[in-house]
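Participant: Chain by chain, the residues run as shown.
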Amino acid sequence: MTAIPAIELQGIQKSFGNVHAVRGVSLRIEKGAITGIVGENGAGKSTLMSILYGLYHADAGEIRVEGRAVRMENPRDAIAQGIGMVHQHFMLVGTFTVLENLVLGAEGGALLAGGLAAARAELARLAREYGLAVDPDALVADLSVGEQQRVEILKVLFRGARILILDEPSAVLTPQETDQLFRILATLRERGVTVVLITHKLREIMAATDHVYVMRQGQIVADRRTADTSPEELAELMVGRKVLMQLDKAPKRPGDVLLQADHLTLVDERGVRLLDDVGLELRAGEIVGIAGVSGNGQTELLQVLSGIRAPTGGRLVVRGRTIDPHHPTDPAEMRDLGVAHVPEDRLRQGMVAAFQAAETSILGYQEEPPFCRHYLMDGPAVGAHCAVLMERFDVRPRAPGLRSSSFSGGNQQKLVLAREMAREPKVLLVGQPTRGVDIGAIEFIHRELLKSRDQGCAVLVISVELDEILALADRILVMFAGRIVGEVPAGRADERTLGLMMAGAAPALSEVEGP
Amino acid sequence: MSAPRRPLPAWAEIAALPLINIALAFVTVGIIVRIIGVDPFHALRFLVLGAIGSSEAIGYTLYYTTNFIFTGLAVAVAFHAGLFNIGGEGQAYIGGLGCGLAILAFDHFLPAWAMIPLAIAAATLFGAAWAAVPAWLQAWRGSHIVITTIMFNFVASALMVYLMVNVLIAPGSMTPQSRNFTASGKLPSMQEVLAAVGIQVAPSALNLSIVLAVFCCVGVWVFLWHTPWGYELRTMGHNPEAAVYAGTSIKRTTMLAMCLSGALAGFVGVNELMGVHQRIVLDFPAGYGFAGIAVALMGRSHPLGIVLAALLFGALQQGGAELAFEIPAITREMVVVIQGLIILFSGALAHLPRPWLQWMLALFASPRSGEVPAKRAEG
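Chains as they are written, first to last, in the working numbering: chain A, 54 to 568; chain R, 3 to 381.
Since the hints were derived computationally from the structure, they do not count as laboratory data. Glycine is no exception: its CB is placed at the ideal position from the N, C-alpha and C atoms. Worth double-checking, as some hints may not be accurate.
As the list claims (entries may be wrong) - Result set (EDC-like, lysine to aspartate or glutamate): computed pairs, CA atoms no more than 20 Å apart in a straight line:
#1 305/A / 501/A
#2 479/A / 527/A
#3 253/R / 386/A
#4 504/A / 527/A
#5 305/A / 527/A
#6 254/A / 285/A
#7 254/A / 548/A
#8 253/R / 420/A
#9 253/R / 383/A
What the hints assert, rightly or not - Label pairs and their in silico Cβ distance ranges:
#10 167/A / 18/R: 52 to 60 Å
#11 167/A / 342/R: 46 to 54 Å
#12 115/A / 43/R: 54 to 62 Å
Looking at chain A on its own, in the form it has when it is part of the complex (with noise of 0.2 Å):
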């Protein structure tokens, strides 16, 4: 391709201490073409944007935006190179309008009035030319997800932007959302609009993108046009090594019901209902998949299930002790009951950053012996026992002493989850268990479960990744608005279904679970 790209990066280079998160990455991204970046977690795609981007400086290397070397001092100048980036999570304001929120910023002038009908006409200009249709009156808070992921996407094209950086923008969507927002990106991609797309999804860089770099460890590791490639080959080069896309499993078998929720239900002060009716058993040796767009409900589930919260009404019983309104529980006791539970968000829950990774390894544990003796915690037996963990679950590097925070995500979350399971609990609660968390490290993780629930352990495991509940559960169960909306055994069970059931749109393939 002789045409001048959009953007063109040399010899970047970006270090943190001693870090090397960029080293030397030079690439070409096309003019009114979908670029994709992907790699694992840590890869450095992140930070290259930043760089872009203008929110970190790069250590060398050039920028040229459309053949012109330019410095990027802040997202200011990226802005004004038309530049522009949707972040994974979104920057709007919920209480104001979709109007209010696109002018927010680029206001125009010490009186509102002015710019707000400047901005409707740009708006509804926008809206004709790229098929971008919001009602500009509406509360954000009031839009779906989908729908604000659109408004990030016209404030960034209202500021002038041709060149447009989506940083794992389907984080947050249904199936169906993600595949409306492709097609969005394609529309853009006829008007002439230059699209990169940051991902770690294979699923997305094939259906979305004409071309893909991947990175790995810092560097551009590959560079092929998506045509001529598979996922296959991609999930190969993000790792550096051959990757097992199946996972093998053993038929279930299941036995006794070991947990057992009815009518579950958690209103808030406020009056929200935040789970409504939520009926489901979990049986020895099997995994109950429960899958949902973030948000519907699954957090507040696990936190009931897990004891954090009591509900408001229905009765959870637990291995013969029943817990309602009337007898709540706390975390400590279902520990004792068998229950373990592996949090969603780790750093927030499941581990104390500054502390070593030796004493996050007794978190919930902490009074227990051996590591607690004669009210005395014996430091020696907690390292060992952490060693042990660390050697069984290979988290790297295998230091007990360092701080929790200074291992890597993947690591961190191999430390939890080897801590919930060294002691071989009756019930294991996982919240996105691979959240975070490169190939090579899913893939273990996802063996280790199915080894749990082929030991009889009665497993459940709620996470946003479809892929994830398809390739563990035997049985996935919808959440959707606090609810349980259909339950799929695994074999019968296709992406298109459950994709309709999160969005609250389709039936059941079998009925409910539950009265």
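For this one, chain A is given, so just place chain R on it according to the hints.
Facilitator: Just chain R now, with coordinates in the frame of chain A:
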């Protein structure tokens, strides 16, 4: 945005940084002293001699240090639980009240060996109780502990004035103080204790409370880092959500942390009333509760660091008094300014020299080999 803050090597974090902070403070103080027309080195000489120049000076320095250790530990324990207890002043006051009441009630009947532990227990109980109320308000009602503890300082102060003027005042006395304790209600002074084993030192206010302070340091260290409750307390301080996840009751741990904190602060009353005044007086906490915040901050909330910081504060307190006495141009207020500057540099501005130190270390590390720090970070 720049690179995230990089940790310094342990020796630099623990030793170099505080020393640089103190040096900076002394340079600033020197400039100010120069401006008011006093030779800074002359003043420094009096300050140092006043603090450690004689066995009497050392005795007083250690007596002040004792108080700073108690309040420093009090702040540190709460701080490890993520609670900012600025009510040390009031807790010390009420702890002293408890100590004094116990002695007034029993010193005629009980011998010293029974009276002293009982008085210490009363100080513990009263100090803890005074901290328990704000802790309860925070744990169950959500009232912010910074607000409530500071208000409880005023309540304690007013309560003490009321009690001293109306209830506890010795009959016939014109000043608001209780009757003197009898001999059994007196904590032996260090001079007496050392004389008993044949060591002669000059008399000073230093008493056996310093042994209690050392005991508290060890106790706090064992509690925080070697018991499951300390583990839970630190977990809550770093990450309350993780504490809930781990099955720790936030309410119970808040109460525990604050009661311990209050009890430690209450020991100031033991040192002051049972050790020195030998009666209940007004205003004996004299700002130790607040200084404890600076001591804990400077000592990085670790008992060993607190001992060092408390020694510095004790020396400043004693040396500053001598300084004001020897050089008339330097008034008591000036001494407070000097102490304030040292607190400012070692507390609020503690991280000011950090980038310079990092830069210096990088400068020395790079010519040898860039690989060395990288390996350390991984291992």
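Participant: Report the numbers of all earlier hints that the structure fails to satisfy, in ascending order.
Facilitator: none
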